[in-house]
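There are 2 protein chains.
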Amino acid sequence: MTAVGTVYLVGSGPGDPDLMTVKAARLLETADVVLHDKLPGPEILERIPEEKREDVGKRAGGEWTPQEYTNKRLVELAREGKTVVRLKGGDPFVFGRGGEEMEHLAAEGIPFEVVPGITSAIGGPGTAGIPVTHRDHASSVSFVTGHEDPTKEESAVNWEALAATGGTLVVLMGVGKLPDYTAALRDAGMDPETPVALVERATWPEMRVATGTLETIVGVRDEAEIEPPAVTVVGEVAATRERVVEFLRNR
Amino acid sequence: MTAVGTVYLVGSGPGDPDLMTVKAARLLETADVVLHDKLPGPEILERIPEEKREDVGKRAGGEWTPQEYTNKRLVELAREGKTVVRLKGGDPFVFGRGGEEMEHLAAEGIPFEVVPGITSAIGGPGTAGIPVTHRDHASSVSFVTGHEDPTKEESAVNWEALAATGGTLVVLMGVGKLPDYTAALRDAGMDPETPVALVERATWPEMRVATGTLETIVGVRDEAEIEPPAVTVVGEVAATRERVVEFLRNR
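Going down the list, the sequences are from chains A and B. If you count the first sequence from 1, you need to add 93 to reach the numbering used here. If you count the second sequence from 1, you need to add 93 to reach the numbering used here.
No lab work stands behind these hints, which were simulated from the structure alone. Treat the hints with care, since some could be wrong.
Because identical chains cannot be distinguished in the list, a pair is counted as satisfied if it fits within a single copy or across any two copies.
[Said to hold, decoys possible] Distance condition first, Cα-Cα at most 20 Å in a straight line; then the derived SDA-like pairs of lysine to any residue:
id	residue 1	residue 2
1	K151	R279
2	K116	E136
3	K116	L138
4	K175	G282
5	K116	E339
6	K270	D148
7	K116	I141
8	K151	G305
9	K116	N343
10	K116	R140
11	K116	E139
12	K116	V149
13	K175	A200
14	K175	F340
15	K270	E201
16	K151	R294
17	K165	H230
18	K145	E286
19	K116	L341
20	K270	G312
21	K145	D229
Model, not experiment: these values are computed from the prediction.
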């Protein structure tokens with residue numbers, strides 16, 4: 094009988110291959126198979142030998158591979174004795190479905206390891222000169238997704254509570270719904286002059302940043318034609334970039 | 094005249110050297126000087142050649158190096174033409190003072206680069222088998238520090254608002270004040286049965302995890318003698334660990 098292989102749930106970081114962890118970079122070389130979608134970004138995916146790659150993201154017809162397929166495939170490959178990397182953009186446990194994959198593996202008795210990655214929610218603003226917390230401006234930071242799971246009964250994000258924290262908000266995958274939640278935050282009493290930044294394709298070679306306020310940012314987005322993937326930073330810290338960008342070097 | 098050197102504000106990740114980024118690992122080799130405190134942890138600090146290291150953390154007398162000294166020293170070294178790494182535990186912009194250092198550098202005209210790291214607030218729970226978000230349990234996650242700056246006028250963290258988000262809460266440096274904020278969260282109406290986990294020295298060789306509920310966790314902490322540095326995870330996701338730990342492999 095073949096010994097069962099280990100599955101590594103690996104975060105690839107925001108996209109710059111230099112921002113992968115030492116461990117993630119090594120696992121991409123040593124793994125037998127790498128299951129991935131498009132979120133790790135082109136530079137990282139290009140480094141994985143073609144024969145190891147299995148794309149479990151968007152399919153040719155525009156449909157997504159069902160999560161059940163990915164779960165099943167991970168177990169199947171491990172039972173063949175393979176060393177399997179499940180590569181996820183950012184961190185596997187920040188709005189990925191790493192939690193579900195991990196629970197499925199455990200339920201099936203497959204040994205696994207978690208290899209955290211840098212989430213674009215922190216690394217994106219950071220490389221753009223925006224600290225998500227700041228001693229003078231923000232004692233807390235909250236992350237939320239702009240894509241809510243529509244099948245989840247109690248799906249409504251509590252924007253009122255998030256506004257009331259007084260801390261920084263970072264919205265992942267929040268380009269499309271920007272008008273909705275900026276309105277919700279203003280309705281919750283957040284100052285319309287609150288600085289907002291959009292960071293598109295954070296740390297990728299074609300990274301772009303656009304800034305405005307809770308009131309103006311939708312127009313800024315349209316003008317600059319900001320597209321997914323991008324993170325939205327709402328809070329005083331978003332204004333930091335202006336003060337530092339002249340001396341900020343990237344990559 | 095000497096050309097001005099570049100300062101790299103670098104996150105070291107939670108402590109396991111394998112969880113440093115490829116870029117951080119390279120910069121530790123190529124930098125002329127590394128300014129650090131104790132937070133990157135012993136395994137990472139040991140890798141930096143002694144002659145490059147400048148400790149700007151706790152001093153012999155038990156006092157902390159003032160932030161003003163660190164700011165000044167970064168500028169001074171860059172003006173000597175040095176390539177300088179300012180190494181910070183976790184990510185430089187998550188409850189470090191990286192934001193202040195960055196603004197000081199820009200104000201002094203020193204070129205700098207930001208190299209994000211994995212925050213222990215995500216990587217700590219993750220390696221312990223706790224996803225900070227989960228499609229079924231948490232649509233948002235908030236990070237807050239247990240050490241509030243006492244000189245900050247509006248220092249009070251809004252625990253009521255944080256409880257009302259309905260998402261996961263992660264408290265960094267939250268061992269000492271655990272009784273205070275668990276009480277505050279219960280007073281804010283959070284279910285006393287809410288799962289809570291403490292992750293001590295996340296990803297270090299001597300990492301430990303203790304779990305309980307909002308009601309029992311203070312007793313659990315005392316029993317297990319959990320000590321700083323540790324992160325506290327409050328929310329349904331904290332119960333995930335139990336379901337997976339049998340098959341979870343670390344490092």
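Going down the list of hints, with the structure as the test:
1. K151 / R279: Neither: 35 Å inside a chain and 43 Å across chains, both beyond 20 Å.
2. K116 / E136: Both: 17 Å inside a copy, 15 Å across copies.
3. K116 / L138: Classified as both: same-chain Cα gap 16 Å, cross-chain 18 Å, threshold 20 Å.
4. K175 / G282: Answer is neither; intra-copy 53 Å and inter-copy 47 Å both fail.
5. K116 / E339: Classified as neither: same-chain Cα gap 34 Å, cross-chain 22 Å, threshold 20 Å.
6. K270 / D148: neither (27 Å within a copy, 46 Å between copies)
7. K116 / I141: both (15 Å within a copy, 19 Å between copies)
8. K151 / G305: This pair counts as neither: shortest intra-copy Cα distance 32 Å, inter-copy 40 Å.
9. K116 / N343: between (23 Å within a copy, 12 Å between copies)
10. K116 / R140: Classified as both: same-chain Cα gap 15 Å, cross-chain 16 Å, threshold 20 Å.
11. K116 / E139: Classified as both: same-chain Cα gap 18 Å, cross-chain 18 Å, threshold 20 Å.
12. K116 / V149: neither (22 Å within a copy, 28 Å between copies)
13. K175 / A200: Close inside one copy (18 Å), not across copies (53 Å); limit 20 Å.
14. K175 / F340: between (47 Å within a copy, 16 Å between copies)
15. K270 / E201: Intra 37 Å, inter 39 Å, cutoff 20 Å: neither.
16. K151 / R294: within (18 Å within a copy, 38 Å between copies)
17. K165 / H230: Classified as neither: same-chain Cα gap 46 Å, cross-chain 22 Å, threshold 20 Å.
18. K145 / E286: neither (49 Å within a copy, 45 Å between copies)
19. K116 / L341: Cα proximity of K116 and L341: across copies only (17 Å, versus 28 Å in one copy).
20. K270 / G312: Answer is within: at 13 Å inside a copy they meet the 20 Å cutoff, but 44 Å across does not.
21. K145 / D229: neither (48 Å within a copy, 31 Å between copies)
This entry does not satisfy hints 1, 4, 5, 6, 8, 12, 15, 17, 18 and 21, going by the numbered hints stated previously.
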